[in-house]
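Note that the protein sequences, when read in sequence, are chains B and V.
Residues in the first sequence are numbered consecutively from 2, following our numbering.
Residues in the second sequence are numbered consecutively from 19, following our numbering.
For the record, the hints were derived by calculation from the structure and aren't laboratory data.
Careful: at least some of the hints might be erroneous.
Claimed, not checked - In silico EDC-like links for lysine to aspartate or glutamate, alpha-carbon gap of 16 angstroms or less:
1. 97/V with 110/B
2. 101/V with 108/B
3. 97/V with 108/B
4. 94/B with 59/B
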Amino acid sequence: MQTRRETLKHSAAVAGLLASTGLFPQYAQAFDKAAFEAKSMADAIKAMGGSAPVESKDVTITGPDIAENGAVVPLGVSTSLANVKRVLLLVEKNPSVLVAMFNISPDVEANFSTRSKMGQSSDVYAVAITNDGKAFFAKKEVKVTLGGCGG
Amino acid sequence: MADPMRIRAQSAGGNATIRVLMSHEMESGQRKDGNGKIIPAWHIQDVTAALNGKTVMTAEWGPAVSKNPFLQFTIKGAKAGDKVAITWKDNKGDSRTDEATVS
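Use the sequences and the hints to build the structure in full.
Below is the structure:
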């Protein structure tokens, strides 16, 4: 019997092979690869259609001061700004800074919580991008005692 | 096919708080297996939420979202009995949709 880990390993290998055949070019039409591969905050925000970010007290980031396990760090982002089209969650010292992006419609509140992996202690940023391309951010330092990105 | 999501939708003060727990490995693409080879990234890329069939929120996620992701957000004006549908799609093209009723 296969363990779960082996099964996952195999399916990952198969997917890798499939990808290399070129039969499945890009699954996600909407997924913004450039933004999620960005290594710096400025690049990620630019790729998401925002200008140079300005710190704002109208954007809030919530998270723990100390995260015991970097594999699961609860982070929340919210903003009271009007005309916000997107909010981003970034971890500065992760291999790729952008964690998640949320497109906001008038039907949802600009308030999201999720859980993120963090490789090491770092500043985490919440960025709100408005309809006219302005970017506002809030930051918070999260200390990680056990990293969640390595093997 | 992936395991079902757990969705809880609770109305409070004219809005509905939606909590979703998805079942996904969210492999980061940074880890190595026993032979030192990098395990390819495998993560949810797109998340969509719909209220009574109308899309209210879309999200894009990178591999840095934790394994078995949790998501909480608030839909304005949703009331008891409304249907909330959540869909995710990963970078291997797998997807899953689950629905819950606001209570």
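Here is how each hint holds up against the structure:
Pair hint residue 97/V plus residue 110/B holds up; C-alpha atoms about 15 angstroms apart against a cutoff of 16 angstroms. Simply put, residue 101/V and residue 108/B have alpha-carbon atoms about 14 angstroms apart, close enough for the 16 angstroms limit, and the pair holds. Between residue 97/V and residue 108/B, the direct Cα distance comes to roughly 13 angstroms. Compliance with the 16 angstroms bound is thereby established for this hinted pair. A C-alpha spacing of about 24 angstroms is found between residue 94/B and residue 59/B, which places the hinted pair above 16 angstroms, so the restraint is violated.
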